[in-house]
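Novice: Sequence:
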Amino acid sequence: MNRRTYPRIVESKRDFEAPPNIQQCKKFNTTIESDNEVMIKEAIIPTVIDHRHHRLPSEDEEVMDDMEEDNNMEESFTTAHSEQESQPRKPAHYAYWVQRNLRDAIYGTVWQAEVLERIETDNSTLRWRATGRKVAIKEMSWQQIQQDDDTSAERPLQEIGAMYYMRRKKLEPYCGDGYTGDVLRDMEPLTQAMLEHHLMSYLDILSDDDKLYLIMPFCGGGELFDVLEKKQSFSEPQSRFIIRQVLKGVQNLQKLGICHRDMSLENVMLTDNCDVALIIDFGMSLKIPYVRVDGVKQRCLIRADRACGKPYYCSPEVIRNRQPFDGHAVDMWAIGPMLFLLVNGFPPWEVARTSDDRYRAFSSGQLRAVVQHWGLNLSNDLVDLLQGLFWEDPLKRLTLEEVLSHPWMQGSVEALPVPEN
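Numbering (full-length UniProt numbering), first residue to last: 1 to 421.
Since the hints were derived computationally from the structure, they do not count as laboratory data. Incorrect hints may have been included.
Claimed, not checked - Derived BS3-like pairs: lysine-lysine, alpha-carbon spacing no greater than 25 angstroms straight-line:
#1 LYS169 - LYS255
#2 LYS170 - LYS248
#3 LYS287 - LYS255
#4 LYS134 - LYS27
#5 LYS248 - LYS396
#6 LYS248 - LYS231
#7 LYS297 - LYS310
#8 LYS310 - LYS230
#9 LYS255 - LYS297
#10 LYS396 - LYS255
#11 LYS90 - LYS27
#12 LYS231 - LYS297
Using the sequences and the accompanying hints, generate a full structural model.
Specialist: Rendered as structure tokens:
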């Protein structure tokens, strides 16, 4: 849809529907077998309804059965039937071996873990086989979620809702017959679907009394921002290689009617060999409202909600937080600072306000003059593309389609160097 003709209808932001249920789990030490080694390590073990009757549970099962419903969960996350809640639970056929802390997050910690598969034994001891499949687990505090969800711009439950929406509308249908509904079997096809669409979603969601666990594919390349810091800057072909993939992710978000609102180099993860980029962190995302005008579905402007996002990348209209904004335009704005950072190693400005001299110059059409004055070695096509993304007026700003068809985007690409172990 042409950005200059869509109706100026304004609607409030729309939240995403929550997943209908979150599986319970328990975290404790258990027996793991890996490479002929037997270890006692901490694992997160999902539980399922135990349909067996008239049998005393084993000692291990008693540990699992003492789980209680989290009274702090939002109503939309606790839709299990009461008759199921009252039944005993048993360990599922898979679990997650928690291995190391990757980073601290706003609501908790991100861990690296390995998927475990349950080994059937003749006795009651729980034993697990390490599969070698790595995952990332975003562990979040229920207490902090409940305290901050109404006031913070980043909302974990909104992120889960957005991921659930992406899975249901795009990723699971893409898997076709490969999607079975079994968490362990679906990890491979779902991960492949995420890589194809350049969007991070979840493989599994678990909860106990204190924590919410979001299980996602592990990306060994790390955050794009961290990779850039080590490299200092990328060549134009390398930057093109990455930004094309980011734009494919944005394209899929636009098709789904999602505004990310926090696009940044920090919110792009790279796979082990830095060859695939995935957009992450949907805690500030919104569902773009649409209306029908003369039988045609057209998107609306979104009523100003709150300033959010990171200073380098946040659009001026979101920073001002006074007027309705176009969900597509604010995400496309962020592509400009992201690309500028990739090729130069420093941001175009500190914040998109008129008090920032560089922002004032770049957003008013003076980018080429500043680039020449600074002696930056940027191609003419790249300067033209960046200027098109830097216009303060969202109606002058390049759309996704215009960026994808821009001459600079048609140039050659070069893969990023594989990180050293």
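Novice: So, for every hint listed, does it hold in this structure?
Specialist: Hints versus structure:
1. LYS169 - LYS255: holds, 10 angstroms
2. LYS170 - LYS248: holds, 14 angstroms
3. LYS287 - LYS255: Given pair LYS287, LYS255 holds - Cα atoms ~11 angstroms apart, limit 25 angstroms.
4. LYS134 - LYS27: Holds - the C-alpha atoms of LYS27 and LYS134 are around 18 angstroms apart, at most 25 angstroms.
5. LYS248 - LYS396: holds, 22 angstroms
6. LYS248 - LYS231: holds, 24 angstroms
7. LYS297 - LYS310: With Cα atoms ~31 angstroms apart, LYS297 and LYS310 exceed 25 angstroms; violated.
8. LYS310 - LYS230: holds, 21 angstroms
9. LYS255 - LYS297: holds, 12 angstroms
10. LYS396 - LYS255: holds, 22 angstroms
11. LYS90 - LYS27: holds, 14 angstroms
12. LYS231 - LYS297: violated, 44 angstroms
The structure does not agree with the numbered hints 7, 12 stated previously, though it agrees with the rest.
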